[in-house]
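Q: Residue numbers (this note's numbering), protein chains in the order written: chain B, 1 to 330; chain D, 331 to 611; chain Z, 612 to 969.
Worth double-checking, as some hints may not be accurate.
[Stated by the list, open to error] Derived coverage of chain Z by chain B (criterion: at least 3 residues anywhere in the stretch with Cβ under 8 angstroms from a Cβ of chain B; other residues may be distant):
#, segment
1, 881-891
2, 918-930
[Claimed, not checked] Derived contacts from chain B toward chain Z, CB cut-off under 10 angstroms, selection only:
#, residue
3, V75
4, P79
5, M104
6, L131
7, D135
8, T136
9, M165
[Stated by the list, open to error] Not the full set, but computed from the structure, chain D residues with beta-carbon under 8 angstroms of chain Z:
#, residue
10, I362
11, P365
12, L366
13, P369
14, Y370
15, L373
16, I430
17, A451
18, A454
19, V456
20, V461
21, G544
22, G576
23, N591
24, D595
Hint data in this document are derived by calculation from the structure and do not stem from the laboratory.
By construction, the Cβ of each residue, glycine as well, lies at the ideal position given by its N, Cα and C atoms.
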Amino acid sequence: MTLLSVRNLTVTLMTGSGPADAVRNLSFDIERGQILGIAGESGSGKTMTALSVMGLLPYKGKASGSINFDGQELVGFKPRDFRRIRGKDVAMIFQDPMTSLHPMLTIETQLTEHLRHHRKVSKSEARARALELLDTVKIPDPKTALKAHPSQFSGGMRQRIAIAMALACQPKLLIADEPTTALDVTVQAGILKLLDELRKSQNLSVIVITHDLGVLSALTDRIMIMYAGAEVESGLTSQVLTRPRHPYTRGLIDALPDSGADGKRLIAIDGMPPELGKFPSGCAFHPRCSFAQSECKTGVPNKVDIDGSRRIFCSVDPFDTSDSSAGVSR
Amino acid sequence: MASRFGNSNSIWRQPLAVVGIVIISFWVFAAIFAPLISPYDPLAQDSDKFLTPGALHWMGTDELNRDIFSRVIYGARISLPYSILLVVLSALLGSIIGGISGYFGGRIDAIIMRLTDMFFAFPAIVLAMAVAAALGPEIRNAVIAITIVSWPVYARLVRGLILNAKQNDYVTASSLLGSSSLRTLVVDLRPNLAGPVFVLASLEVGNALLLLSGLSFLGLGAQPPAAEWGSMVSMGAVNFDRWWVGLFPGLAILSAVLAFNFIGDALRDALDPRTAKALRD
Amino acid sequence: MKPVPAKVSVFRKILRGTGFFPFIVKRVLTSILLIFGMTFIAFSITQLVPGDPVAANLGQSAYSDPEIVAAFEKEFGLDQPVPVQYLRYIQKLSQGNLGISLSSKRPVNEDLKEYFPATLEIALIAVVIAMILGLVLGTLSAVTRDRLPDQIIRVVSLTGVSMPTFWTALVFFYVFFFLLGWSPGTGRLDPGAEPPPQVTGMFTIDALINGDFATFRQAFSYLLLPAIVLAIYALGVLTRFTRASVLEILGNDYVRTARAKGLPEFTVIRRHVLRPALLAIITVAGVSFASLMAGSVLVENVFSWPGLGQYAYRAAVGLDLPGIMGVSMVVATVYITMNLIVDILYRVIDPQLRKAEQ
Ligand SMILES: Nc1ncnc2c1ncn2[C@@H]1O[C@H](COP(=O)(O)OP(=O)(O)OP(=O)(O)O)[C@@H](O)[C@H]1O
Ligand code: SF4
Ligand SMILES: [Mg+2]
Numbered sequence: 001m002t003l004l005s006v007r008n009l010t011v012t013l014m015t016g017s018g019p020a021d022a023v024r025n026l027s028f029d030i031e032r033g034q035i036l037g038i039a040g041e042s043g044s045g046k047t048m049t050a051l052s053v054m055g056l057l058p059y060k061g062k063a064s065g066s067i068n069f070d071g072q073e074l075v076g077f078k079p080r081d082f083r084r085i086r087g088k089d090v091a092m093i094f095q096d097p098m099t100s101l102h103p104m105l106t107i108e109t110q111l112t113e114h115l116r117h118h119r120k121v122s123k124s125e126a127r128a129r130a131l132e133l134l135d136t137v138k139i140p141d142p143k144t145a146l147k148a149h150p151s152q153f154s155g156g157m158r159q160r161i162a163i164a165m166a167l168a169c170q171p172k173l174l175i176a177d178e179p180t181t182a183l184d185v186t187v188q189a190g191i192l193k194l195l196d197e198l199r200k201s202q203n204l205s206v207i208v209i210t211h212d213l214g215v216l217s218a219l220t221d222r223i224m225i226m227y228a229g230a231e232v233e234s235g236l237t238s239q240v241l242t243r244p245r246h247p248y249t250r251g252l253i254d255a256l257p258d259s260g261a262d263g264k265r266l267i268a269i270d271g272m273p274p275e276l277g278k279f280p281s282g283c284a285f286h287p288r289c290s291f292a293q294s295e296c297k298t299g300v301p302n303k304v305d306i307d308g309s310r311r312i313f314c315s316v317d318p319f320d321t322s323d324s325s326a327g328v329s330r
Numbered sequence: 331m332a333s334r335f336g337n338s339n340s341i342w343r344q345p346l347a348v349v350g351i352v353i354i355s356f357w358v359f360a361a362i363f364a365p366l367i368s369p370y371d372p373l374a375q376d377s378d379k380f381l382t383p384g385a386l387h388w389m390g391t392d393e394l395n396r397d398i399f400s401r402v403i404y405g406a407r408i409s410l411p412y413s414i415l416l417v418v419l420s421a422l423l424g425s426i427i428g429g430i431s432g433y434f435g436g437r438i439d440a441i442i443m444r445l446t447d448m449f450f451a452f453p454a455i456v457l458a459m460a461v462a463a464a465l466g467p468e469i470r471n472a473v474i475a476i477t478i479v480s481w482p483v484y485a486r487l488v489r490g491l492i493l494n495a496k497q498n499d500y501v502t503a504s505s506l507l508g509s510s511s512l513r514t515l516v517v518d519l520r521p522n523l524a525g526p527v528f529v530l531a532s533l534e535v536g537n538a539l540l541l542l543s544g545l546s547f548l549g550l551g552a553q554p555p556a557a558e559w560g561s562m563v564s565m566g567a568v569n570f571d572r573w574w575v576g577l578f579p580g581l582a583i584l585s586a587v588l589a590f591n592f593i594g595d596a597l598r599d600a601l602d603p604r605t606a607k608a609l610r611d
Numbered sequence: 612m613k614p615v616p617a618k619v620s621v622f623r624k625i626l627r628g629t630g631f632f633p634f635i636v637k638r639v640l641t642s643i644l645l646i647f648g649m650t651f652i653a654f655s656i657t658q659l660v661p662g663d664p665v666a667a668n669l670g671q672s673a674y675s676d677p678e679i680v681a682a683f684e685k686e687f688g689l690d691q692p693v694p695v696q697y698l699r700y701i702q703k704l705s706q707g708n709l710g711i712s713l714s715s716k717r718p719v720n721e722d723l724k725e726y727f728p729a730t731l732e733i734a735l736i737a738v739v740i741a742m743i744l745g746l747v748l749g750t751l752s753a754v755t756r757d758r759l760p761d762q763i764i765r766v767v768s769l770t771g772v773s774m775p776t777f778w779t780a781l782v783f784f785y786v787f788f789f790l791l792g793w794s795p796g797t798g799r800l801d802p803g804a805e806p807p808p809q810v811t812g813m814f815t816i817d818a819l820i821n822g823d824f825a826t827f828r829q830a831f832s833y834l835l836l837p838a839i840v841l842a843i844y845a846l847g848v849l850t851r852f853t854r855a856s857v858l859e860i861l862g863n864d865y866v867r868t869a870r871a872k873g874l875p876e877f878t879v880i881r882r883h884v885l886r887p888a889l890l891a892i893i894t895v896a897g898v899s900f901a902s903l904m905a906g907s908v909l910v911e912n913v914f915s916w917p918g919l920g921q922y923a924y925r926a927a928v929g930l931d932l933p934g935i936m937g938v939s940m941v942v943a944t945v946y947i948t949m950n951l952i953v954d955i956l957y958r959v960i961d962p963q964l965r966k967a968e969q
């Protein structure tokens, strides 16, 4: 059953040189209990996609298209409607646990304030739930933790607390924006395992946003690769990562060191991703693409559906016969 | 988050800044063409005493039968140039002191910074009053007095900027190329200091004008019969029942200070946020 | 290494320590040094600039009589070389004695006891008015960023900091005293009225202590107008500062987290934004309290308010160094104390700083 269905989402932000589209014509779906990974280089619009689902776009930012969440259309939602579902039906955790928790409020306040607001529970009920949550995310000694401030915890512990906060009202969708980027590799694994368990135990749908293809391969069912605000390829994780069809995806995977599966950052293709407001015409990837033809500079890339569950946006589709000739090394 | 793009906001796109520029242009125009604009000699005592504002005397006349409108117009010739001069002097003095402090660091820096701390703790207007009184009541002395109390803000800013820049590579790079330290200070750093110092100065012109007219109001600045806005307000205080005597020169001060503040604010917003933050701290 | 006497080593430990107590000790010591340094600056500046305190304090005819001049100089120690004068001053100062005022011919300590409470009274009320309104207006302004309320509040607060206080005082006096008759006039009490027995020196509080409500109401009606005029400038400063702090905090990740929880905007502002902003705002309020006291000189002049500002003015005109120093020191002490209190508050309120201390 589809929980979130995004169609032709475009996010327009205000920049110094006027409005610019940070997300362009993006479409994707998430089923209940599924984990979707979104990957792409910095600035590709991953966070803006997430924030438009939350109704938290930056000052003067605007979303258009359609975002259907659990039967409700979120584009054009009023701020108060967003406040009704935020934290309750859809929750988000952010990249940096060192800054995303309030430094001056106790863990108890931060864990229970939205619970008390949305679910109208009493203080003691909320506290009981908070203890349960801390236990779920494996914080040792939850009773003491409730009275503590975030500064008394390590980064990994804080991220667990942030996850507990997000889960407090039993949301249907959890968006994790680079949940492990700021953490040590050893801590990362623990957080990812936790997310996976939660998905299974609570039938939670999750969007995981990351730079890190290693994270995606272990955790996600499907992935979507973004470039310059638009989708370039999406499909089942196993297929996309082992047999990339889009030149950009392929470049990303080739750039990984051979031991890449253990989670190295993306080392991209020659050149830099374009800045917001300076996206190239046609296929935005063409200046960096070694397969680019003249039509790539002007024409919007073709959508190519593959086996019904996968698609790429590329007019050339150079790896069409990938099975035999290209020999993707992994 | 959005403020990261603040630097490309031209001040011409900010309506308040434009209002400020219009008002200041008006006063500059008034100062330059005062003899042409003002209907009477600002010192001439040949009307009647305390005439209410009317067709002949738009802002009435004062206790010595002088035309207040003409005096307000002529007042721009004192307040504007002196407060700008004052700000230029304090900015220069402060930048030099702050530059020495930041560049040499160590003990020199420590001493200079303690010194600025003391100046910050001093109530500026009290010290300014004392110095102005000691030098003798005269507008030039008021300027000196206020300069003595207002340089520390610039010193702090410049020192901070230099300390920041010291960590940046361009100073290191040019030291590697073998340029002398003084050269580094002047050639490499100056362009990076000029912007913030200019903005701070523009923010301070208003304050300078307020302090200067305040001293004149107390009789420690411009002396009669000079047409200076602050001392004209003090005549209004003596004759407070004749509202027009103090009202108009005060409005002149308010309009000029407000205009400078409009401009200063817009300039600060036009700077990139990091520098703007340095200015606020 | 030479053995250090036990007492000294404890002291050193305190000074080198990073805990809460050593922090306070260090701050108090530097503050005292700061004050002594200020006396040096004041002395140097007043000696460097020409100006003859004798001429300033004696009449024209007395000044032409060398005997009177010599007596005056002797009485106030002006016949001594400058360094000696300074040392004597410092010596007395370290015993808490601020010397004899050249203009009032009375001990500066006595003078301050009389004038300081008068200014404190209006400055306190002014800072309270300015802080409450500034917090409300500044927050409103930040929250409605770039929309109409924000635009109006920004222009109004900028106008507040651009008004010459002496002129504002005059306009308010004209309107509320002369035109409307709401204000009783200048001074602290009706002419001939008996001030309440001095406890704090602040008439309103002393009247309350004395249980004398009529005097309280009278004193309050006199001080309201100067306090409001004084508050206007501070209000502008605090509104602008509050707006800036709130905007800055609104950009923090933890505010985004709070919003991601779907909390009502009011809760987000009150709990997640204002709490951290409050610290910064209190800081500025504290510092502007000191500048309010100094700035009152222009307001007191218009309202004939017998406070520190009036005293400072007479001392300045009379080149009365002990008087000037006395006023400066009072204001500087307020400034330094405010900074100290704020620093302590920071450590008490902000658990992160407190943790760093441990
Ligand atoms: N407040 C803002 N106003 C205008 N533009 C913004 C703002 N925040 C981000 N952007 C721009 O929007 C574009 C997309 O940003 P987004 O944060 O979605 O990228 P991302 O894919 O999440 O990158 P990263 O991996 O660095 O987090 C970027 O070019 C970024 O510079
Ligand atoms: S459309 Fe052209 S430029 Fe874009 S990825 Fe395909 S081949 Fe490369
Ligand atoms: Mg991001």
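Q: Verify the interface restraint on D:G544: the C-beta must sit less than 8 angstroms from at least one C-beta of chain Z.
A: Given a least distance of 5 angstroms, the restraint on D:G544 holds.
Q: With chain Z as the partner, please determine if D:I430 meets the hint condition of a C-beta pair closer than 8 angstroms.
A: violated, 18 angstroms
Q: Let me know if the C-beta of D:L373 comes in closer than 8 angstroms to any C-beta of chain Z, holds or violated.
A: violated, 22 angstroms
Q: When the nearest CB of chain Z is found for D:Y370, is that gap smaller than 8 angstroms?
A: violated, 23 angstroms
Q: Take the segment 918-930 of chain Z, compare each residue's beta carbon with every beta carbon of chain B, and decide whether three or more fall closer than 8 angstroms.
A: violated (count 0)
Q: A closest beta-carbon separation below 10 angstroms is what the hint needs, so does B:T136 meet it against chain Z?
A: violated, 18 angstroms
Q: Holds or violated: D:I362 as interface residue toward chain Z, Cβ cutoff 8 angstroms?
A: It is violated, given that the least Cβ distance between D:I362 and chain Z is near 23 angstroms, above 8 angstroms.
Q: Holds or violated: is the Cβ of D:D595 closer than 8 angstroms to a Cβ in chain Z?
A: holds, 7 angstroms
Q: For the restraint on D:G576, tell me whether the closest CB of chain Z is nearer than 8 angstroms.
A: This hint holds: D:G576 lies near chain Z, its Cβ roughly 5 angstroms from the closest one there, short of 8 angstroms.
Q: Restraint: B:L131 near chain Z, CB-CB cut 10 angstroms. Satisfied or not?
A: Given a least distance of 19 angstroms, the restraint on B:L131 is violated.
Q: Would the hint on B:D135 be counted as holding, given a Cβ-Cβ threshold of 10 angstroms to chain Z?
A: Hint violated; B:D135 Cβ to chain Z Cβ min 20 angstroms, cut 10 angstroms.
Q: Would the hint on B:M165 be counted as holding, given a Cβ-Cβ threshold of 10 angstroms to chain Z?
A: With a closest approach of 7 angstroms, the B:M165 hint holds.
Hints 2, 3, 6, 7, 8, 10, 11, 12, 13, 14, 15 and 16, counting from the list given before, are not met by this structure.
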